[in-house]
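Let chain S serve as the given structure and place chain W on it in line with the hints.
2 protein chains.
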Amino acid sequence: MCADYKVTAWEVSGTIDYEKLIKEFGTSHLTKDLKERLRLKTKSKKLHPFFKRNFIYSHRDFDKVLENIDNNNFYVYTGRGPSGEMHLGHLISFLTSKWLQDEFGCNVYIMISDDEKFSVKKNLTLEQIDKQSDKDIEEIAAIGFDPDKTFIFKDTEYIKHLYKFALQFAKKTNLSNAKAIFGFTNETNLGHMFYPNIQNAPTAFERNKFCLIPAGIDQDPYWRIQRDVAEKLGFKKVTAIHNKLLPPLQGMDGKMSSSDNKTAIYLTDTPELVKSKVNKYAFSGGRPTLEEHRKLGGVPEIDVAYNWLYILLEEDDIKIKEIYNKYKSGDMTSGEIKKILIEKLNIFLENHKQNKVKNKKLIERYKYTGKLAKEMWKL
Amino acid sequence: MCADYKVTAWEVSGTIDYEKLIKEFGTSHLTKDLKERLRLKTKSKKLHPFFKRNFIYSHRDFDKVLENIDNNNFYVYTGRGPSGEMHLGHLISFLTSKWLQDEFGCNVYIMISDDEKFSVKKNLTLEQIDKQSDKDIEEIAAIGFDPDKTFIFKDTEYIKHLYKFALQFAKKTNLSNAKAIFGFTNETNLGHMFYPNIQNAPTAFERNKFCLIPAGIDQDPYWRIQRDVAEKLGFKKVTAIHNKLLPPLQGMDGKMSSSDNKTAIYLTDTPELVKSKVNKYAFSGGRPTLEEHRKLGGVPEIDVAYNWLYILLEEDDIKIKEIYNKYKSGDMTSGEIKKILIEKLNIFLENHKQNKVKNKKLIERYKYTGKLAKEMWKL
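First to last, the protein sequences are chains S and W. Sequential numbering of the first sequence, starting at 33, is according to this note's numbering. Sequential numbering of the second sequence, starting at 33, is according to this note's numbering.
Hints may contain errors.
In this list, chains with the same sequence are indistinguishable; a pair is considered to hold if it fits within one copy or across any two.
Pairs of lysine-lysine, BS3-like flavour, derived with a Cα cap of 30 Å [unchecked claim]:
(1) K392 to K358
(2) K167 to K75
(3) K154 to K241
(4) K84 to K186
(5) K403 to K84
(6) K196 to K186
(7) K390 to K77
If you are wondering where the hints come from, they were derived from the structure by calculation, not from laboratory data.
For reference, chain S alone in the conformation it holds in the complex:
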């Protein structure tokens, strides 16, 4: 019944059947019960909308983390591959991490995988990647992580500390397994092939705690080797919470692309560009004519404006329900819901830009001088 789809660690395309992915990857549903247990352990006694609205919908061993989560039993590990400008979709795991840090006071480790992107992107030099890394770190700093509990590191700079862990994972992974999991071919280069071991290294940073990875469900295969070998190496298996993917402007299929700037809203887009992109490209669940729309109503489920509001931009449950009802009944037109999205997007981006300027001074602490960063450089 569902269209073709393809989800590997490298590529996402087609319509994604999220239920099928849970089965295929062997992950578990993040059930209502688990979410309620999570809520009760939070400081605020409130769930983030990502959880409430089932955008974060799957997990691995998060139930184990929950058992003792109020005892600071986990740290968060996430990252960014600095190959092009960051868009809204890239913020999801950072926003999730920030919420977890606010609620539980956990450490957050953020890998800037410059080595990976250099290996994978044919035409980019190390110098170009490094410039992009610095830009990305500014965007990430805008999120406002705790500068004493957050460590941001570039792989090529922090490699001495990653390499020994990476070698241990690498020793347990033969070519045959790596090919099966990552789809490596005879054309894959050796840097690309080694990178998954580097990516695994931070899962061994705090051995007595759970490493929790908030990531798109498409990233799950990346961690299979870690889970297969971690315990043999004396580390804990990674745990994860998985989000669905923020749909691209063009419709509910696939994932935003860094390389196709029509599909996404970038963190640096101007208000005018946001307006024009949304009006021009955002896939509408509205009807061909106003008359039909008033009569039949829109289809919010396939409307990108509605989905972006629901996932990311309208946290108020009453307001989002109102929008849903009005759009579905035909009271609200496609132009009107797009207008709401444009306003919300521009407020979000304006805030983000202001935070970026304000938090520039924190970057030194995230990288080198904050409490956690200092400890990590001493390791």
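Showing chain W alone in chain S's frame:
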């Protein structure tokens, strides 16, 4: 006509046809003419016996180095994989490097490939490898390199400086090429597969000079990728001089083994052990009975005692010729030539052990505080 042999970067066995290897690997003969040109450029105006006696017999682009060798146009790069105790055979490239440094004042870079050995040796931990690395560095320090022109580094410690170069080589090497050159299979682990890129990194240390690698001819395949891609990356192709392999005690075939201690004399062997190993295991070119030996004479060409004296322990051309003649004529018995070898070996090892104690204080300079080491850590 020649027996089966196998020479890859990983394994040497059987009788080695050194002429065939030159053809197979596509290297060049180190001709008399080249050697005479080398001699004329040395400070001492003397060739090391390795050259004179054609033990170093093949090269890559050494003629290019020679063109301008008196202008300090090259540096030496060699190394050691710290997986077990060092034996005599392991010293060859260090002795060659030391001679080049004495004659030309060149920098010498010595890689301790702890990462490689950890990846390749199934049962060794990083801690075990690290202990072996420290032992090996003591043995290497005994050679007496110039502490301001020599840099000894462990890969896992110096990785930050190696990694960026390694990534560049890795990006130019796909799995297919790597399999063809190194014989990687589906069982090879990812650390083992990435290591050749790390090994290539020091060939980019001094971009305006030739990197000269003195190594056993069996190591040549290791460098094929470097030569294929270096110029595309803006580095020079490595140059090399190749020695034959110091034969194991058991006979002229194959190579000493770190894992089979009957095949080799270790740098830590006691005089008694040296005596017993030589008498018990050194393959003799002598005849079955004394009578036959006196009548027919010995065969120095296949006699391990003679070969070790010729290659490593009797530098005096007149004396070695005398031994050859006496042994060949039957004047000298197998027991007598073994006695000479035992004496020479024990003097050599006693000197080495004394130098090891004496030079311990230099290790800090080789690794961190010498002029070259300091520069390399600043890179």
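Which of the listed hints are not met by the structure?
1, 2, 4, 5
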